[in-house]
Amino acid sequence: MRNRPSTASLDLAELLRVEPLARAEAVHLADPSRRVHQVVLAETFERLGHIVPHSVVVLHAEAAAGGWSLAAALHAAWERNASVVVVPRAAMSSSSAVLAERLGIALLVIDDDPVDVALTLAGQISAPQCARAVRVALCAERLAEQSSIRGVLGVLNTELGHVPVALTIGGSVVAGRAAAVRERADHEQVRVQVHGAGERPWAELVASVPTPAADLGGHVGTLLRLARLPLLAAWAQARMDTSTQVAQERAAFEMLRRLGSEPATDRAVPVQYDGAESTSWSSELGWRVEGVNRAVWIAPIQDPGSEPPPELTQLLRATWQRHLPDWPIVADDDGWISWQNSADADSGTAMRRGITTMTPTARTHALVLGVGGAHAGIPGLMRSVVEARLAAYVAREGGAGSVTWFDQVGAQAALAWLPVGKIAQVADFCLADLMAARDRSSLVETVLTVLDCGGSLSQASARLGVHRNTVLSRVARAKELGLVFDDPSRRLALHVVCYALGALWRTPGAERSQ
Amino acid sequence: MSIGYVGSGKSITAADIPALYEGAKFYSPAVGDASKASLVSWLMDLLERNGPVVLVRPDALPPQVHCVSLCVIGSGAALADLPPSGDEFVLAVRELEHVMHRRFGAVYPLAAATISALVPLAAASQLDVPLLDADGMGRTFALIHHTSMSLAGLSPAPLVVRGPTGETVTIEVRASARADTLLRSNVDTLGGWAALASYPCTAGDLRRAALPSTVSRLINVGRLLLEPVGADVLVTRLAAVTGCQRIGRGRIVELEHLSRPSDVTIPAHPSSVVIDEIGGQGRLFRLELRSEIVAVFADGALAAAAPDLVCLVDILRGELATLDSLEPGDVVDVLVMPADAIWYSAEGLAMVGPTSHGIPLDHPRRR
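Chains Z and Y, in that order, give the protein sequences. Under our numbering, think of the first position of the first sequence as 1, with each following residue one higher. Under our numbering, think of the first position of the second sequence as 1001, with each following residue one higher.
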């Protein structure tokens, strides 16, 4: 960051931001970036003949008598390359506006006393850092009034005029003018990091300063730094209002889902946003979907059969905000969706890091995680979400805190959709004898293993770690209790029932509730 | 009627009256044509009855011949409301002869322009004396001491004003500038306008103090103006005879009234005309008006100013545009005519230059 050159002379745009010229009416503004070196209070035409270049000429008394006098003053100011002519309203006429435009000289109309204005201007011009400080203070006041991220960026862009400002998260623009991040030959970028909770970088403010006005850079930097707190406050406020936030996020994700399933959308091409401003529903939430997305599905270890309780959503959101502040978290159906966005195809390293951060929490709250593949754009995100969900269901087998990556799952994913609980209930009716038996757990486990091993008792005994005869006797007892799997027409059904019961009983405490 | 420049005439006949009228109007383009018909026919009748008036240059008379200037003072509107009975000028001269105990052997116009260029002719015919081919202004200025005689040290006093009501006021004053002030208040009382006989002096004084050939010039210019030709030809011919120059052609886009606080010394309301130049550099002309056009600004730079005579030629009609007939949308040529060289001296400019109209800028001819 450059040091602020506080003694650099003011330009016209800066003077126009502070009193008294803030109240002036700009009849014609030729070049707002014109430097202003001194102020001339011109009372006579003789005085007008001695203007030096880059002056503010304030007309007064005889020189501000109106009619021809303003025309003559404009000409004199133009001849001597003055920056701007300031005239009392009484002396203004429409033809003078035309002449100012024709000569290309800035013309301001004031209602205040020209002598007072000239004196104040003289003070400002002789101490540019004071004028800048006033301007910065005014801007800070306006920034403090803002309650949304868009509002803060709006104030910055209005204040800086021809210097575009944008807020970026991970390199993509989430608010402000996208022109700020574009690399341009005659522009210099000023960047200010915005740190979130725990001094972690959350976002970056970027301004693109035209090189001719490069000594403005310091001033721009000051304003950007001032905007950090209001930005964080706006962001935090939005996050605090969680019930609204949850609803908003759900709605936004539904929008994304709809966008992703648009048949017209080319799946290979990431969705392009309009250059000027990102779409409000995704940018205000801080979501990024351009580039490559990899989704995580978080699910309770047991299929709850309905939406998880809202308390759990709040707990999860709090954890997310603490550990992974730039990852979205959206409640969806029987679980939660989060995703990691990167500009280009990733190797999964970042995801692995994120997962490692999350695993202790998942274990505490009896959750499992499924990770989808990396795909481009919104359609890619949607695909990754489905994959992650399947992987999460498969992960339930591994117990709380387990993580499954979709590319490791394969066809096994098909089993993830089985309504294990309902099938187990069916067993209560069809296999009442077996369910009543005290050793049902070992019987079912043994039959399942035998079926898994294609009927081979020796393989099953090896997997179970018991003697072949034990396997044989358990199978015989199971057959007595109704688990007769010799009949080919019933074998698949019994295999599925055994799988469901096994999956259900494997979770701690599950069998007790049966 | 002969056309073209004929040099200085020897006499003025009834046939010269229309040309004289037009020329007189040209040198003071502010005035309308309200009383044209009655004035021209009265003068023509007079000259037909009394015969041509002899026109002589001051140096053609013996130097000791006493001469007196005549003019109409007051407002044109009052003159139209209360027309002259015709004897005001003769009686003003007679009264001054009575005050000064001398006979005048010649009369001359105080300002060879407007109606003031015509009344000395009538008086000369009625008094049966020659009319001098000379005047004190070469155009019109607002105040009676704005004359070459005044610059040469001659006094306007004693002077006599005679109003249309038959009353006479004689003013004896030492300071020239005071004469005008004393005069104005009396003119209002006399009916708004009056015949003024002033600057009594000898032909010898006028040889050095008056501006020569300014009456015959009116007739020459008037003949050009009476010729129905296009505006371009007219402007070219006028330039040849009068030395005038066209600053530019443009469309009137705005009339501003009372754009400045009124000056107390000049009896007229200021206003402005804004003209957008057609072709050329596309400049924005601003004309400052008092009782005449006193300054022309081109893009804010002073391009011409009093004592230059600025007049506008209406392009569509091919004739002079009087200031009271201007309207937004009119296309006009802005003509600038130099005044007599005497007015560009330091004393002359101080008297009738832009500063006297509240425009404290250097005159473009002296920069």
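Incorrect hints may have been included.
Among chain Y residues calculated to face chain Z with C-beta under 7 angstroms, some are [to be verified]:
#1 E1254
#2 L1255
#3 S1272
#4 V1274
#5 E1277
#6 I1278
#7 G1279
#8 G1280
#9 F1297
#10 P1364
Some chain Y residues close to chain Z (C-beta under 10 angstroms, calculated; not the full set) [unchecked claim]:
#11 A1240
#12 G1243
#13 E1256
#14 D1276
#15 L1284
#16 G1358
#17 L1361
#18 R1365
Chain Z stretches covered by chain Y per the calculated footprint, using a threshold of three residues with CB under 8 angstroms from any CB of chain Y [unchecked claim]:
#19 67-73
#20 328-338
The hints are simulated quantities; they were obtained by calculation from the structure and are not laboratory data. Heads up, the beta-carbon is just placed ideally off N, CA and C, and yes, glycines get one too.
We went through each hint and held it up to the structure:
1. E1254: With a minimum Cβ separation of about 5 angstroms from chain Z (threshold 7 angstroms), the hint on E1254 (chain Y) holds.
2. L1255: violated (10 angstroms)
3. S1272: holds (5 angstroms)
4. V1274: Because about 4 angstroms separates V1274 (chain Y) from the closest Cβ in chain Z, which is inside the 7 angstroms limit, the hint holds.
5. E1277: violated (10 angstroms)
6. I1278: With Cβ-Cβ at 15 angstroms, over 7 angstroms, it is violated.
7. G1279: This interface hint is violated because 15 angstroms lies over the 7 angstroms limit.
8. G1280: violated (13 angstroms)
9. F1297: At about 5 angstroms, which falls below the 7 angstroms cut-off, the nearest Cβ of chain Z leaves the hint on F1297 (chain Y) intact, so it holds.
10. P1364: violated (12 angstroms)
11. A1240: violated (31 angstroms)
12. G1243: For G1243 (chain Y), the interface hint is violated, since the closest Cβ of chain Z sits about 25 angstroms away, which is over 10 angstroms.
13. E1256: With a closest approach of 6 angstroms, the E1256 (chain Y) hint holds.
14. D1276: Because about 8 angstroms separates D1276 (chain Y) from the closest Cβ in chain Z, which is inside the 10 angstroms limit, the hint holds.
15. L1284: holds (5 angstroms)
16. G1358: holds (8 angstroms)
17. L1361: holds (6 angstroms)
18. R1365: violated (17 angstroms)
19. 67-73: holds (count 6)
20. 328-338: Answer violated; 0 residues pass the 8 angstroms Cβ test.
Checked against the numbered hints above, the structure violates hints 2, 5, 6, 7, 8, 10, 11, 12, 18 and 20; every other hint is satisfied.
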